[in-house]
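Each protein sequence line maps, in turn, to chains E and R. Position one of the first sequence corresponds to residue 3 (the numbering used here), numbered consecutively onward. Position one of the second sequence corresponds to residue 3 (the numbering used here), numbered consecutively onward.
Note that these hints are calculated values from the structure, not bench results. Take the hints with a grain of salt, since some may be wrong.
[Claimed, not checked] Pair ranges (Cβ atoms, derived): (1) Ile275(E) to Ala71(R): 47 to 53 Å; (2) Met224(E) to Asn46(R): 51 to 57 Å; (3) Lys248(E) to Asp61(R): 45 to 51 Å; (4) Ile275(E) to Ser126(R): 16 to 22 Å.
[Claimed, not checked] No farther apart than 25 Å at their CA atoms in a straight line, the calculated lysine to any residue pairs in the SDA-like style are these: (5) Lys196(E) to Ile276(R); (6) Lys4(R) to Asp152(R); (7) Lys248(E) to Arg252(R); (8) Lys137(R) to Lys157(R); (9) Lys84(E) to Tyr68(E); (10) Lys204(R) to Asp268(E); (11) Lys248(R) to Gly164(E); (12) Lys204(R) to Lys204(E); (13) Lys133(R) to Gly209(E); (14) Lys204(E) to Ile275(R); (15) Lys219(E) to Lys157(R); (16) Lys248(E) to Asp241(R); (17) Lys257(R) to Asn167(E); (18) Lys204(E) to Arg216(R); (19) Lys196(E) to Asp241(R); (20) Lys137(R) to Ala208(E); (21) Lys202(E) to Met224(E); (22) Lys219(R) to Ala139(E); (23) Lys202(E) to Arg246(R); (24) Lys137(R) to Glu23(R); (25) Lys272(R) to Pro198(E); (26) Lys147(E) to Gly205(R); (27) Lys248(E) to Glu222(R); (28) Lys272(R) to Glu124(E); (29) Lys257(R) to Lys137(E); (30) Lys257(E) to Asp74(R); (31) Lys204(R) to Asp231(E); (32) Lys204(E) to Ile150(R); (33) Lys109(E) to Arg77(E); (34) Lys137(E) to Arg216(R); (35) Lys272(R) to Ser126(E); (36) Lys202(E) to Thr172(R); (37) Lys267(E) to Gln70(R); (38) Lys267(E) to Asp129(R); (39) Lys196(R) to Ala259(E); (40) Lys202(E) to Lys137(R).
For every residue, glycine included, the Cβ atom is placed at its ideal position computed from N, Cα and C.
Here's the letter readout for the chains.
Protein chains: 2
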Amino acid sequence: MKIAIIGLGLIGGSMAKAIKENTDHTVYGYDLSDTVQKKAKLINAIDEPLTDELLRDCDLTIVALYPQAAIDYIRDKQELFKKGSIVLDCCGVKQAVCSQAEPIALKQGFVFIGGHPMAGLEHSGFDHAEKALFKNASMILTPTKGNIQDVEKVKDLFTSIGFTNLQIATPREHDQMIAFTSQLAHVVSSAYIKSPAAMKHKGFSAGSYRDLTRVAKLNENMWTELFLDNPDFLAEEIDGIADRLKEYSRAIREKDAQTLRTLLKDGREKKAIIDGEVF
Amino acid sequence: MKIAIIGLGLIGGSMAKAIKENTDHTVYGYDLSDTVQKKAKLINAIDEPLTDELLRDCDLTIVALYPQAAIDYIRDKQELFKKGSIVLDCCGVKQAVCSQAEPIALKQGFVFIGGHPMAGLEHSGFDHAEKALFKNASMILTPTKGNIQDVEKVKDLFTSIGFTNLQIATPREHDQMIAFTSQLAHVVSSAYIKSPAAMKHKGFSAGSYRDLTRVAKLNENMWTELFLDNPDFLAEEIDGIADRLKEYSRAIREKDAQTLRTLLKDGREKKAIIDGEVF
Numbered sequence: 003m004k005i006a007i008i009g010l011g012l013i014g015g016s017m018a019k020a021i022k023e024n025t026d027h028t029v030y031g032y033d034l035s036d037t038v039q040k041k042a043k044l045i046n047a048i049d050e051p052l053t054d055e056l057l058r059d060c061d062l063t064i065v066a067l068y069p070q071a072a073i074d075y076i077r078d079k080q081e082l083f084k085k086g087s088i089v090l091d092c093c094g095v096k097q098a099v100c101s102q103a104e105p106i107a108l109k110q111g112f113v114f115i116g117g118h119p120m121a122g123l124e125h126s127g128f129d130h131a132e133k134a135l136f137k138n139a140s141m142i143l144t145p146t147k148g149n150i151q152d153v154e155k156v157k158d159l160f161t162s163i164g165f166t167n168l169q170i171a172t173p174r175e176h177d178q179m180i181a182f183t184s185q186l187a188h189v190v191s192s193a194y195i196k197s198p199a200a201m202k203h204k205g206f207s208a209g210s211y212r213d214l215t216r217v218a219k220l221n222e223n224m225w226t227e228l229f230l231d232n233p234d235f236l237a238e239e240i241d242g243i244a245d246r247l248k249e250y251s252r253a254i255r256e257k258d259a260q261t262l263r264t265l266l267k268d269g270r271e272k273k274a275i276i277d278g279e280v281f
Numbered sequence: 003m004k005i006a007i008i009g010l011g012l013i014g015g016s017m018a019k020a021i022k023e024n025t026d027h028t029v030y031g032y033d034l035s036d037t038v039q040k041k042a043k044l045i046n047a048i049d050e051p052l053t054d055e056l057l058r059d060c061d062l063t064i065v066a067l068y069p070q071a072a073i074d075y076i077r078d079k080q081e082l083f084k085k086g087s088i089v090l091d092c093c094g095v096k097q098a099v100c101s102q103a104e105p106i107a108l109k110q111g112f113v114f115i116g117g118h119p120m121a122g123l124e125h126s127g128f129d130h131a132e133k134a135l136f137k138n139a140s141m142i143l144t145p146t147k148g149n150i151q152d153v154e155k156v157k158d159l160f161t162s163i164g165f166t167n168l169q170i171a172t173p174r175e176h177d178q179m180i181a182f183t184s185q186l187a188h189v190v191s192s193a194y195i196k197s198p199a200a201m202k203h204k205g206f207s208a209g210s211y212r213d214l215t216r217v218a219k220l221n222e223n224m225w226t227e228l229f230l231d232n233p234d235f236l237a238e239e240i241d242g243i244a245d246r247l248k249e250y251s252r253a254i255r256e257k258d259a260q261t262l263r264t265l266l267k268d269g270r271e272k273k274a275i276i277d278g279e280v281f
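In isolation and in its complexed conformation, chain E is listed as follows (with noise of 0.2 Å):
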């Protein structure tokens, strides 16, 4: 296939890299920097960059921008799009971003898949992409209109860089669950390290402080468009578990034992339940 990636960042960057490295596909690149073109096609990440004219020619387009960017790229690129090629994003929302760009593939013949590689780091840019970023990692599709072969060729393409778990959803029902396991968690963690304990802690500190203040370190840009193309789905999630945090603080200022053990052993439970040890 001749693919084109636009974006070099983290996310376009490691699918550059992992891409020549384990298959045989051309790769046309793109990036807002010419520096990063330049690098990516000097490392063999890409093999040429991306001109209008080649991408009249691809197969498949990865972009790989944030939401507002990416659906822009698209209704931008919209007739340059080959009939019958796929489309696909990398964005972390998705009703946001297809419902946008489906209309416009369905208008222009061309197919559009919505795409989630779950894998990140606390960096970004190209000079933090890495061709094993997506080793054993989940990749989301939604994809609500294209056929089953377009499905097939984009799964096929995923697992031979690494990813190992493929899974289907549709956009909202993408929103609802990444609402709770990825955008809940760093809203979490921002708050959570914001105590006015924070600052004099150290010394004091394990592995469950690390854990849950990890993601407290993230691109504030980045995450503020995400959070606001998927409003309502987080700001139940984090009013949800900002209330019954409440009930824990309750129990242990009304010294009620036999409360705050059963608000822990639920919690535990649910959780053994979750990780498959409960049946």
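Position chain R against the provided structure of chain E, taking the given hints into account.
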């Protein structure tokens, strides 16, 4: 030294294994379970099961029990501890234990030092005890009455079994910090896993979810006791994060990108300062 270890669970058992592995001290161990005592002796984690007679001769007694059981043990055996010998607990709360143990020590002429080894696993019991459990861990000591030689004796022992960071604090400082670094982490993890979305998320999760929910797998009996021995600091931490979380959900519901970005940026910057990446 002759060292008594009371309670051969995860912490006491690991202490026994680590001391026997790394030092020439003699270790006497006691556990409620006769089977555990025998096992410990058979694999050379202890030299002998502890008797009252042997206890009278010990230079250091490490009490690795839950808080109330630790207090009860020290009260029951107060007349047996050798004059001038050191008694150290391993509880995750210090005000509740130290306030009870110190007057007894003063009266009976032994030295009580509060201790909290910042190490653990999501499992408990002697079978999970590991001689390397304390490698690179922090040991917090709250030696309000002991002289410096006693603290150094204890420090040398803990350094020899893997601890690389020794922290000296008052019991109150300890309890305030631990409410934030450890207890809050367990409460948040427990509340996180109870989202209605949790049961359906398989295949949609990545590292952030795993990190945020890891310690939901806890021993509710132990943690209920620890939490209720530190109610004020912990309830304040819980209410604090619950209130901060509501700021995020409010900004998201109101689609207030600027406020949301500022909330996230503030968290990222605090995390960077605490991690020593910004000076």
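Against which earlier hints does the structure fall short, listed by number upward? The structure conflicts with hints 1, 11, 12, 15, 17, 21 and 29, although it agrees with all the remaining ones.
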